[in-house]
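**Q** Chain by chain, the residues run as shown.
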Amino acid sequence: MRAWRGPFGVTMRQCLREASLPAVLATVAAALCHWLDDPTLAEDTNSAAAATPWLTLPLFVAAVGCCYVAARTWPTFSRRRGGADTVRRVVRGPLGGRGAVALGATAAQLVICLPIALALSAWVGVPPIAKRHHRAACDGSKILDRAGASLRFDLSSPVHADAIQLRPRASLPMGPRSTRVEVTSEGSPLTTEPVEVEASLELIRLKIAARELTELTLTQVDGDIPLIFQPGSVVIVGTDESPRWGNAALLALFSCGTSILALTLGALLGLGAGWPTVASSIGVAQFIQWISGVGPIDEAILALARGQWLL
Amino acid sequence: MPYLRATITLAMFSGAASMLPQPAERLQGFASWFARPARLPFAWQGLNAAYQGGDAGEAFARGQQILDLAPSWTIGHAAFAYRYVLTQDTRGSAAEQAEQAQRRLIVAMAWLEGARQHAGDREAELLHSAAFLAPIACRQFPGLEARLPAGGAPAISDRYFAEAERLFPGPVTREQRLFHVPTLAGALLSAGQRRQAVDLLKAAIATASEARDQKLAREWRDRVDEVVRALSGEAAPLEAVFDDRRFEPLWPHLR
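Keeping their order, the protein sequence lines are chains A and B. Take the first sequence: its position 252, counting from 1, is numbered 252 in my numbering, and each next residue is one higher. Take the second sequence: its position 168, counting from 1, is numbered 168 in my numbering, and each next residue is one higher.
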């Protein structure tokens, strides 16, 4: 009850009051834009992956709205605000209530974003089942450049998998032949034939008999195209299935991280700057995370849309 | 309260707009034009994301979104269609890959058909791009040719060449279709349609004189005439035909 009357509760109520309607309007606009923009000849999975801007828009509006409302509501968030002296006398602690304000804003954002993420992910056709993608790591050289060369990729823990995804980068070819790679695990081949790679960053999906994998070995059989396996170019797809609603809920939770960062930056700047500077910094911090793709939220939205489990 | 009034106002205007004739198309057209400057940079960013971490289907879906904003960009339509058809993400047996390639080919060709309404003067290049898509796909996916209707990829190509010639009659479109005849005739012979192949070759003899290079036209007519006589059971010298790689699709049927 004390928390509800303090900076946390005040901020949360204010954010819900003021940021909900813009977020709902943005959701309606996103749904309408997706209906207008939906690629008609794409399958559901690819259509959802192409709809990431419409998944982003309402969550971004909610994040920005909650941050602005929180920073504007609490007087000590920026300099020369009315009521700041009263708040400093009443609220104890080195942060002056800013921590609670940030928590209140992110709690409100979670309440707003959770139903939006659940509804929009169903609307745009996000796959109903998400699978966990495990990145395999390779120590040492990551290049296959001659027949007989092999690379070993290890997993941090055993994975029960039924598919593998490869996406190597190709260097300049030394001859006319595409490179063929044999995929094995613990000495036994996982595919009936070697995999042929021609183009750089070409996605190669391999279906394998479901089995437990702890490591993967790629051996070049022949070919003239050197292949470079950068981090993330070998992915093992687990057989565990998770529901879409769980993935969407995780996305709503992760989206709160953007506000924590933006409000932290705003609070730091607010120690010596006024409201316009703090507002600008919050806006820019959110923009570069959500729109420019700096940080994990952009990848998280793509992963949701592609049916990849976010954890 | 102000928000409520604004929301109701917007809803009523939207309802009124929805009662206009052809509302969906007009709304889509206006929205596309209006959103283009803001939407295009992010659409390209999304396309790059698809190239880096998505599959060919996602890249194709993103490409469709870009081309919805720039519908008259015919080369873009062709480029995205080719990339989609010729990229095989999911590996499997040759039959599985051929089946998936067939599905992608059908989808891409339907998309190129839809792009024709916005192509204007550039419709000929769109049709030529569509004409070459099926043969190139068949070369990349060996089992695909067997899954196509009678006549295979050459018949599909000829349909597009014929359409280009009908819409844009001229020496270029005529000659393109004319010099495609051996490929189409070979496909018809492989499908057991001997009479149609012979008729096609006879028509090619009649139109060979329309080629701009008369020396080439005479030589071409002579070769085609030799092929027609051989297929009709008459004695004909075929050495020149077997030396000319343009008639390679007909060689198996002349030996």
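Any given hint could be a false lead.
Stated by the list, open to error - Dumping the calculated SDA-like pairs for lysine to any residue here, alpha-carbon to alpha-carbon at most 25 Å:
| no. | chain 1 | residue 1 | chain 2 | residue 2 |
| --- | --- | --- | --- | --- |
| 1 | A | K207 | A | D222 |
| 2 | A | K207 | A | I129 |
| 3 | A | K131 | A | A249 |
| 4 | A | K207 | B | K202 |
| 5 | A | K131 | B | F179 |
| 6 | A | K142 | B | K202 |
| 7 | A | K131 | A | G93 |
| 8 | B | K215 | B | A191 |
| 9 | A | K131 | B | K202 |
| 10 | A | K142 | B | N48 |
| 11 | A | K207 | A | M174 |
| 12 | A | K207 | B | G53 |
| 13 | A | K131 | B | T87 |
What the hints assert, rightly or not - Label-pair restraints from in silico Cβ distances:
| no. | chain 1 | residue 1 | chain 2 | residue 2 | range |
| --- | --- | --- | --- | --- | --- |
| 14 | A | E299 | B | G170 | 48 to 58 Å |
| 15 | A | G295 | B | R36 | 46 to 56 Å |
| 16 | B | R245 | A | T239 | 43 to 53 Å |
| 17 | B | F42 | A | P158 | 37 to 47 Å |
| 18 | B | S209 | A | S178 | 49 to 59 Å |
| 19 | B | F34 | A | I288 | 24 to 34 Å |
| 20 | B | I106 | A | P158 | 35 to 45 Å |
| 21 | B | A162 | A | T191 | 36 to 46 Å |
| 22 | A | E299 | B | D199 | 54 to 64 Å |
| 23 | A | P296 | B | F42 | 17 to 27 Å |
| 24 | A | I143 | B | S209 | 54 to 64 Å |
| 25 | B | A38 | A | P296 | 18 to 28 Å |
To be verified - Covered by chain B, according to a simulated footprint, are these stretches of chain A (three or more residues, beta-carbon under 8 Å):
| no. | stretch |
| --- | --- |
| 26 | 5-12 |
| 27 | 212-222 |
No wet-lab data here; the hints were simulated from the structure. Remember, it's a predicted structure, so these values are computed and weren't measured experimentally. All C-beta atoms in this analysis are idealised placements derived from N, C-alpha and C, irrespective of residue type, glycine included.
**Q** In ascending order, which of the hints set out earlier in this document are inconsistent with the structure?
**A** 4, 5, 6, 7, 8, 9, 11, 15, 18, 26, 27
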